[in-house]
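Visitor: In the order they appear, the protein sequences are chains X and P.
Okay, so the first sequence: first residue is 938 according to our numbering, each after it adds one.
Okay, so the second sequence: first residue is 21 according to our numbering, each after it adds one.
Calculated from the structure, these hints are not laboratory results.
Errors might be hidden in some of the hints.
Claimed, not checked - Straight-line distance between alpha carbons at most 25 Å, and here's what the computed SDA-like set of lysine to any residue pairs gives: (1) X/961 x P/40; (2) X/1010 x X/990; (3) X/1010 x X/1166; (4) X/1040 x P/77; (5) P/72 x X/1084; (6) X/1040 x P/72; (7) X/1063 x X/1084; (8) X/1061 x X/1134.
To be verified - Some chain P residues near chain X, calculated using beta-carbon distances under 8 Å: (9) 23; (10) 25; (11) 141; (12) 147; (13) 159; (14) 235.
Treat the numbers as computed from the prediction; the structure is a model and nothing was measured.
Idealized CB from N, CA, C, for every residue including glycine.
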Amino acid sequence: MSAIVSLRGVSKLFPVQGSAQRTKPVRAVDDVTLDIEEGTVVGIVGYSGAGKSTLVRLLNGLERPSEGQVFVKGQDISTLPEGQLRKVRSGIGMIFQQFNLLKSRTVFGNVAYPLRVAGWPKDKIKPRVDELLEFVGIADKAGSYPRRLSGGQQQRVGIARALANAPDILLADEATSALDPETTRDVLRLLRRINKELGTTVVVITHEMHVVREICDTVVMMESGSVVEAGPTYSVFANPRSDSTQRFVATAVHGTPEPDTVARLSAAHPGQLVSIGISEAAPTPLVAATFERHGVGSSVVYGGVTEIQNKILGTLTYELTGSDAAIDAALADLGDVTAVERQTAAAEQQTDPADSAVPHLPVPANAGEQP
Amino acid sequence: MTDWTTLLPVLGESFQQTIYMVVITVLLSGIAGLALGVTLYATRPGNLFANKAVFSFLNFLVNIIRPIPFIIFITAIAPLTLIVMGTTIGTTAAILPMALMAGVVIGRVVEQNLVASDPGVVEAARAMGDSRLHILWSVVIPESLAPLILGYTFMIIAIVDMSAMAGYIGGGGLGNFAIMYGYQQFNWEVTLVTVLIIIVMVQAAQLLGNFLAQRILRR
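Could you build the full structure based on these sequences and the hints that come with them?
Guide: Okay, here's the thing in structure tokens:
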């Protein structure tokens, strides 16, 4: 595999608008060096204002870098004149949160537009548009105007339009943020299919971690214009290093119970409550076997696991029964391979929950539910 | 009793003069105003051809001309009219001040409608590799077509209004007719008939504009 897009020390500065006195320009993107591997699905994640939308616009030259270089398929596009930049852009598809369809044109007209721009002969346009609409599953809507379509259908038109010139790269700028959960799943599946069947490199900008969990091979975390963390999706989810990554991961992976949940759980379950990080290194059979070996009884009372890149990840809270010594020994064994956190109701113990927090365990999540 | 047998041919001629002034002015100012409005939109900071100098200059020009009362504007540019048209009196001479003033106002109307359009589609077209000029022509204008038609309808009516004032400098037309044969001869019947004709013209223009805009909006 090789990098299809490379950023080298890229910064983008915007002058502060409307300020009377000379203020320092905003660094929307700050010294980013990044490689995007050919044929992968990459997620760029961050809060609003983290610079991810600016970053994605640097990839197709909609914005020019203030500093550094952007290479697309080996070509430095940061200083290309507009005319040549247009050729690069026609080889990069882009879809948007608000779909950005031409309301004055039909679905057919929208998908045909980039083909006309690229100078396709008239008789080749119709079969190509039909083929694209078939691919995204809205062949019956060719004559409709975008206003008549649902959000999911509009985004499919956007995707068909973005794929028209068979791009090697597809940029998705918050493409599912305006869609309901079910439509989001359909669109994500479509993006995955594009990546698998057409070999298109997909760059997904999102603030929704479940989008990353569903389709991304690698993830890039951005904060105030900089990349704070990057790596294969599973390892970033299993081992989030920065605070903001931990907060993001917690929205998509089951974590430890909140203090009030712990209080409720301890009222219902007299045994020792322990949260165990479940991962490739510590899958559920290993946890169960460890408890059994030490003669500790265990039952899951809270949490859940999910699959990321076909690997298991999550947090389960067990109620343990047995002698204190046996429990201690079992937890010591598990502590060698995964995160272990004893849960005690805060009201009784008066301990600061931060003291007991294990460094790389995801912070309390809203994702957990009681079985 | 009004002598319609002698007045009717004069009314017919005045009607033709009004139609002539309005049609020529709408054509000239419509094209010039579109060019001005699109240029104002495109050169606005942050837009496709962002150019502070050009934008500021045109913006200043529009702001200077627009507030001048039209009757004063006609006399103020009389020297220019003399050079361009060879005369300052008559229907043809009235067209220059009308087209200039209407062009400036249409420019502003066009600009305002384009600025209100969705910048997302422009970005989408740029991302497809479309050229900026082509985007102006085949994205920006078509996407704003319905409000543009309503804006032009409004301006056609304003031009009918202007043509009545042009009568004052010997431009002829219905305005001149109403003043000469109605107002100055205390003949309310003539004034009323002229006003009714103008109302019918304006209504027809408005209905046509609404109809076209609705057709576009309904898709």
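Visitor: Next step is simple, just say for each hint if it's right about the structure.
Guide: Here is how each hint holds up against the structure:
1. With a C-alpha separation of about 58 Å, the suggested pairing of residue 961 of chain X with residue 40 of chain P is violated against the 25 Å cut-off.
2. In summary, the hint linking residue 1010 of chain X to residue 990 of chain X is supported, as the alpha carbons are separated by about 21 Å, within the 25 Å threshold.
3. Our distance criterion of 25 Å between C-alpha atoms is met by residue 1010 of chain X and residue 1166 of chain X, whose separation comes to about 24 Å.
4. Distance restraint check for residue 1040 of chain X and residue 77 of chain P: the Cα-Cα separation of roughly 33 Å exceeds the 25 Å cut-off, and the hinted pair is therefore not satisfied.
5. Of the supplied pair hints, the one linking residue 72 of chain P and residue 1084 of chain X is violated, its CA atoms being roughly 35 Å apart against a limit of 25 Å.
6. Taking the CA atoms of residue 1040 of chain X and residue 72 of chain P, the gap is about 30 Å. The hint is violated against a cut of 25 Å.
7. For the given pair, residue 1063 of chain X sits about 22 Å from residue 1084 of chain X by alpha-carbon distance, which is consistent with the 25 Å threshold.
8. For a cut-off of 25 Å, the pair hint linking residue 1061 of chain X to residue 1134 of chain X stands: about 22 Å separates their Cα positions.
9. Against a cut-off of 8 Å between C-beta atoms, the interface hint on residue 23 of chain P is violated, since the closest Cβ of chain X lies about 54 Å away.
10. For residue 25 of chain P, the interface hint is violated, the least distance from its beta-carbon to any beta-carbon of chain X being 53 Å, above 8 Å.
11. Among the interface hints, the one on residue 141 of chain P holds; its C-beta lies about 5 Å from the nearest C-beta in chain X, closer than the 8 Å criterion.
12. For residue 147 of chain P, the suggested interface contact is upheld, since its CB lies about 4 Å from the closest CB of chain X, less than 8 Å.
13. Hint status for residue 159 of chain P relative to chain X: holds, with the closest Cβ pair at about 6 Å, below 8 Å.
14. For the restraint placing residue 235 of chain P at the interface with chain X, the shortest Cβ-Cβ distance is roughly 12 Å, beyond the 8 Å limit, so the hint is violated.
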